[in-house]
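Here is how the chains run, residue by residue.
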Amino acid sequence: MDQPRLSEALQRIAPSMAGGPANVEDVRRLSGGASQETWSFRLASRGEDRPLILRRRPDGLTERDERTVTLATEAALIQAVAARGVPVPPIVRVCPAEDGLGEAYVMGRVEGEALGRRIVRDDAFAAVRPALARRCGEVLALIHATALPGLPPLNTAYALDELERYEAIYRSTGLVRPVFELAFRKLKRAAPPTAAPVLLHGDFRNGNLMIDPRTGLAAVLDWELAHLGDAASDLGWLCVNSWRFGVYDQPVGGFGAYDDLLDGYQAAGGQRIDLAAVKYWQMLGSLKWGVMCMIMYSTFASGADPSVERAMIGRRVSETEIDLVNLMEGRS
Amino acid sequence: MIANPTADELLAAVSDFITRVAPDLKDRDVFLARVSVNALATVRRELAAGGAAGAAEHDRLMGLLGHADPGDDLVRRLGDGIRDGAFDDREAELLAHLKAAAIDQVRIDQPNYSGLQAALSS
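So the sequences go chain by chain: A and B. Whatever position you read off the first sequence (first residue = 1), add 16 for this note's numbering. Whatever position you read off the second sequence (first residue = 1), add 1344 for this note's numbering.
Among the hints, a few may not be true.
[Unchecked claim] Simulated restraints, written as ranges between beta carbons of each label pair:
| id | chain 1 | residue 1 | chain 2 | residue 2 | range |
| --- | --- | --- | --- | --- | --- |
| 1 | A | D81 | B | D1413 | 39 to 47 Å |
| 2 | A | E24 | B | K1370 | 34 to 42 Å |
| 3 | B | D1360 | A | P209 | 16 to 24 Å |
| 4 | A | A273 | B | D1371 | 35 to 43 Å |
| 5 | B | A1393 | A | A143 | 24 to 32 Å |
| 6 | A | N39 | B | D1371 | 23 to 31 Å |
Hints in this document: simulated from the structure, not taken from any laboratory. Only a predicted model underlies this, so the values are computations on that prediction, with no experimental measurement involved. By construction, the Cβ of each residue, glycine as well, lies at the ideal position given by its N, Cα and C atoms.
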């Protein structure tokens, strides 16, 4: 949908969102992924000016990545965890079909910075960085304690399910990466026993966290990969070196220490999670990200996306290989 | 064979050109120009170091696999062997090779990657 048509559709629902006469202004497409469109706009009414975000599924996208939830589910999950005290953007409207926006919802725009590189490096965030890892632990414990009855249907994926899925994807490329072969073998043999499932964010990492330079974690974003599974997986994913943006010695997102994350998790009512479990999921995370980079490259190789960016993503696979080797040799 | 300009000189010249015109590009093309410059830098590093890295990898693989025909796809044979458990009791030896291969590859692909410094510092 182009900008003018989208603006018209938003204008039609503006009075309903504002509870009175209102205008939609400054509608802009933000950079977003292939499976999601993100637009920002302002809702102006009676001297009030509210910054909002529209998330919508692009037109003509027929195939759904089976890992992703619908936008209605995403909105329902955000509302469920908000009730538990998880910082998330406020949901303003889950758009029914008659809004003419397709599968979509509107949420409040939370101020802050989500670019990982800035969060781990800029002086503006130096004051909030030391407390971030603990806060992430607390917030993950709150998410994981969400009561499952009443939530929309969600996939369940434990370690062996994830390994099976990503190994099939890896094999489908026909390419051979011996480090990945060893990682698959080791992770399958060391798979943790299946515990009671918890609600997982599924993509809880530096880059999906809105950070306020004064108050720290302002909102947890991008819930499209939410599913049920092993609590330690969300913690491990946050520690994958790919999301540390060069700050290797701060394993939690490039801003904190393992102990702070685990202490925060326990302090907020979570179980004590072993560092070994976090590192297991960190290794699985590096492997997953490596396979995802291979798949993104294969869209270049097949001609589906001939951009130089897609080609070069294939040269990031070796980053995950060296991370896997480091983990196998006991470095964090 | 024509030696000059060298392949490296040509790549450097193209890279400089892209860098110079990049500010005049629009929107996403600015980003893609930067990626293009990175791609050329990767090719230059591969031209400089790829041959030696490939030869060293080949020597290590011949030692690790034994009885290999030098014409075989040794990387595929290694991958299959790992998958079948053939290296389960030689993991230290296997890891030493994988580490050396990963270091050489990241030096070409992303020489500033933090995981490379970590691997080299131990």
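Evaluated hints:
Judged by the Cβ atoms, the range 39 to 47 Å given for A/D81 and B/D1413 holds: they are separated by roughly 42 Å. Between A/E24 and B/K1370 the C-beta distance comes to about 26 Å, which lies outside the given range of 34 to 42 Å. At roughly 57 Å, the beta-carbon separation of B/D1360 and A/P209 lies outside the given 16 to 24 Å, and the hint is violated. Range check, A/A273 to B/D1371: about 39 Å between beta-carbon atoms, so the 35 to 43 Å window is met.
Hint check: B/A1393 to A/A143, Cβ distance near 42 Å, so the stated range 24 to 32 Å is violated. The hint said 23 to 31 Å for the Cβ distance between A/N39 and B/D1371, and at roughly 27 Å that hint holds.
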